[in-house]
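Protein chains: 2
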Amino acid sequence: MRRSLVDVVGEEHVLTDSRTAGYSVDWTGRYRGLTPAVVRPRDTAQVAAVLALCATAAMPVVPQGGNTGLVGGGVPRSGELVLSLERLDRLGPVDRDATQVTAEAGVTLQRLADAHPDLDFGVAIASRHSATVGGAIATNAGGLRVLRYGPMRAQIRGIETVLSDGTVLSHLSGLVKDNTGYDYPSLLAGSEGTLAVVTKARLRLVPRPRDPVVALLGLPGLADLHSLAVRAVREIPGLVSAEFFTSTGLDVLLRHTDLTPPLSVPTDAYLLLEVSDAGAMEALAELAGDLPAAVASGAAERARLWAYRERHPEAAGFLAPPLKLDVSVPAARWVELATRIGDVVAAVDTGARVITFGHVADGNVHVNIAPGAEADGRHQDAVFGFVADLGGSISAEHGIGALKAAWLPLSRTAAERALFARIRAAFDPAGILNPSVLPR
Amino acid sequence: MRRSLVDVVGEEHVLTDSRTAGYSVDWTGRYRGLTPAVVRPRDTAQVAAVLALCATAAMPVVPQGGNTGLVGGGVPRSGELVLSLERLDRLGPVDRDATQVTAEAGVTLQRLADAHPDLDFGVAIASRHSATVGGAIATNAGGLRVLRYGPMRAQIRGIETVLSDGTVLSHLSGLVKDNTGYDYPSLLAGSEGTLAVVTKARLRLVPRPRDPVVALLGLPGLADLHSLAVRAVREIPGLVSAEFFTSTGLDVLLRHTDLTPPLSVPTDAYLLLEVSDAGAMEALAELAGDLPAAVASGAAERARLWAYRERHPEAAGFLAPPLKLDVSVPAARWVELATRIGDVVAAVDTGARVITFGHVADGNVHVNIAPGAEADGRHQDAVFGFVADLGGSISAEHGIGALKAAWLPLSRTAAERALFARIRAAFDPAGILNPSVLPR
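Quick mapping for you: the protein sequence lines, in order, are chains A and B.
Everything in the first sequence is counted per full-length UniProt numbering, starting at 1 for the first residue and increasing by one.
Everything in the second sequence is counted per full-length UniProt numbering, starting at 1 for the first residue and increasing by one.
Bound-form chain A, shown alone (with noise of 0.2 Å):
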C-alpha cells in the first residue's frame, strides 16, 4: 500500500518516520496515538485518489486540518492513517460582488480574513491562524462573532467533497439560494471528518464594519451580565459580539501576564460588547447607563480591551493542566449554569479552580477546569449531567470527538444515534473515515 500512496502523492509526501509525530498528538498533548503513515496530498484528484486505496485495503483515516482541535477528533487514536490537508492550500480571487472567496481545505482563517481590505470572514476564533478551511466545516466552528454571522455552517455557500470510495462531489458556484435536493454540506458542517473530506469551500464574507466600537463593562454579578446582553441583543442592531468573563479569571491573567486591571474599580462579573459601527454608539452609551466601563474606538484600543477576554483560554492552565469543557443552554438556564457551575465541580473535586468565560448571547460557556484531584471523567460526569438537566448540550462549538464520546447520550437519544450511523454509512459505506469518533 506504501509504494501505491508514493505513487499518488510522492515519496516526500508519504511519512512513515519521526516526522509522523507531529500529527499524532492533539495541541493539548491530551490525545495521542500511532500512525502507519501521513499522507499529504496537493490536490483533490490526489485526495480522491488516496481514499479509494484506503477504502479498498480497508484502512482507516482521519483527516486532518490545522489540528487545532480541543477533544482530540483530528488525530489517530487506533492506527489510523492521517490524511493531511494542509497542502492544500490555494486561495481564489475574492469575488467582490458577491462577497465570497473559493478556498482550499488547508486555508487559514485568517488568511480568508485578511483576504480582501474591505471584507471579512465571519468567523473569527482564537486558533484563526492555525484553523483551517476544513477542519474548521468539520468542527462547525463558531467563535466570538456567532451572534452577528452563524457558525461555519453559514459561512458555506457551496462545497466540493470527496467520499470515502473517492467519488468527487463538487457543487461550487457560490449560490445564496439553491433548493435542489438535500443541503448536505450543512450536514458535512459538525461532522467531525466522518461523512466526507471536504477538499474545497465556497465561502461567504462580510463587509469589514469601517468604524467598530468594543465596550467593556463592569457588573455586580452574572445575573445583571446575562439581563443586559440580552437587551443588547434586542436593541443593538449592529452587536457584533456578546463575550463574558468573570474575576476569577482576570484575576488569575492579572497575576500571571502583564495584563493590567481593565477598569478603576474591580467588579464581580465582565460584559465585552463589540458594535459594528459608530452609529451603535448612543445604543450603547443607554445600555451601560452609570456601570463602570471602558470603551474603543481605535484598532490598538479595541486590542487590548479584547485581549482581556482572549486570553481567558490561557487562565486554567497557569494553575494545572486544563480541562476544558465547552457547554450551551438555553437563555433561560444561563445564569443558573454561570452561577452554580463552581459549586457543581467543587461538589466531586473541592480542590478544584474553576474558570467560566464565553459567548453569553449564544448560551455557551467555556467551563476550563485546573483540577485539584485527578482528571478520571468525575469533573465531566458533574459538569455534563449538570448541563443535561438544564436542558443543554454537551458541546456548544469543540465537538465530540474522543473527550466527550462517553457523555455524548446525555445530549442525543438512542433514536438520534442510531439516526446518525444510519446517515453515516450512507455516506461512508466502507466506514474508513474517522472511525473512534461519532456513533457508527
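Derived from the structure by calculation, the hints contain no laboratory data.
The C-beta atom is built at its ideal place from N, Cα and C for all residues, glycine as well.
A couple of the hints might just be wrong.
In silico DSS-like pairs for lysine-lysine, Cα to Cα no more than 25 Å straight-line [as the list claims (entries may be wrong)]:
no. : chain 1 : residue 1 : chain 2 : residue 2
1   : B       : K324      : A       : K324
2   : A       : K177      : B       : K324
3   : A       : K177      : B       : K177
Label pairs and their calculated CB-CB ranges [said to hold, decoys possible]:
no. : chain 1 : residue 1 : chain 2 : residue 2 : range
4   : B       : D343      : A       : P207      : 30 to 40 Å
5   : A       : P409      : B       : P429      : 53 to 63 Å
6   : B       : R255      : A       : D277      : 38 to 48 Å
7   : B       : D43       : A       : A45       : 44 to 54 Å
Go by the hints and put chain B onto chain A.
Relative to chain A, chain B alone:
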C-alpha cells in the same frame, strides 16, 4: 387499515369522501391526483401512530401543510395517503430573552410574525397567511428577507420530527450552539417531505425594526440595478430587502389592477430597498443620488410601495395560465440572466410574455411566463438549460417537486443524486415518504 387510522385520529379526521378533493390538488391547479384518504392527526403521538401503520402497510404518504407549494410536491400524485398537519396548530409562549418560540407544524408563518409586538419572524413569503411551519421547513422557504435573516433553515433552533417507522426525535430546547453530532434539522430543511415529518420546531424570532424605511428607485436598466443592489448590500448594514421588478411586469399590473405609477417618470427597472432603521437613511440617500425615487417610512406608505413588488406574482396570470419558474445564478452572472432570459424564452415560443422579478441580492430571479405556445416542457428546457450554463440552480426557493424533477440532473450530478438516494434510505428505509419527489 381505515379502521386502524380511525382508531388513532377519530372518525371525523380520516376523510375519504369529496372533502379529500381540496387536499388532492395544489393551489396552482396544475398538479392533482387521487388519495385513498386524508388523515388529520392532532398531535405528535398521532402522527407517529399513523406513520407506523403506513410503514407496516407499505402505504406511501404525502405530508401536507398549508398546501401553498408551487411545484406539485405536496399533493398525492400516485395514490399516496395525505397526512395533513393542519391540526397541529399550537403556538407556545414567546421566550423574549431567547427570542424564540416553539410552534407546531401547522402554525402559519403569519402567526409567528404576530406572536410578539417587539419581535418578528425572519422569513416573509407571499403565502405567509396560509403557509405553515412544517411546509416552510420542508421547502426551506426563502422570500423577501433572506439577505438579512437567511432562509427557513437558518431560523431552526430545535426540531421535533417523526421518522416513517413512527420513531419520534425531539430536540427542542432551543440551543443556539450545539455541536453534538449531525445537524439533521438542516437537512430536513428543503427535503420536501421525503426524510421525516416535522411536528414541531423551536424557531428564532428577530427584533422587530423600530423605524423601517422603504425606498423604490427607478433605474435605466438591469445592469445598473444590479450594481446598485450590490453596493447597497456592502454599504448599508441595516439592509433587510433588495427586490426588483421591471417595466414589463409593472405595465401589466397598471393595466389590470388599481395600482398607479409609482414614480413620476417611468423607467425600465425598479429596485426596492428596505432598511431596518432610519439611521440608515443617509447611506440610502447617498446611494440613490439623483435617481427617480419614492421613500416611505410610515406603515401604510411602506405597504403601498411593497405592493408593486408583492403583486408581481399575479401579473403573468392576467395574460395566460402562467408557468412559474424560479432560478438563481452566481452574482457575476445575474445581469446576463436577467437581461437575456426574454430572448431565451422567445427562441422556443415567440408568442410568450416573460415577466421577471425577485430577490436581486440573492441572485434569485422569478421567471414567470405567459406562454404563447403549449407548455410541453420546452420553456423549462430553454430556461433551465440557460441557467445551468450560467452555473445556476433550477430551483432557488420553490423546490424540485413534480415540476422540475426531469431537470434535476442540470443542477445535481449523478453522484450527488446517488448520495441523495442513500441519505433518503437512511431516514426512511420503508420508502413511504413522498415517493414522487426527489431521487430514490
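Hints, one by one, checked against the model:
1. Taking the CA atoms of K324/B and K324/A, the gap is about 53 Å. The hint is violated against a cut of 25 Å.
2. Only pairs whose Cα atoms come within 25 Å are accepted, and K177/A paired with K324/B is accepted, the gap being roughly 17 Å.
3. Simply put, K177/A and K177/B have alpha-carbon atoms about 23 Å apart, close enough for the 25 Å limit, and the pair holds.
4. Hint check: D343/B to P207/A, Cβ distance near 35 Å, so the stated range 30 to 40 Å holds.
5. Here the CB-CB span from P409/A to P429/B is close to 23 Å, at odds with the stated 53 to 63 Å.
6. Separation of R255/B from D277/A is about 44 Å and conforms to the stated range, judged on CB atoms against 38 to 48 Å.
7. Taking the beta carbon of each, D43/B and A45/A are about 52 Å apart, inside 44 to 54 Å as hinted.
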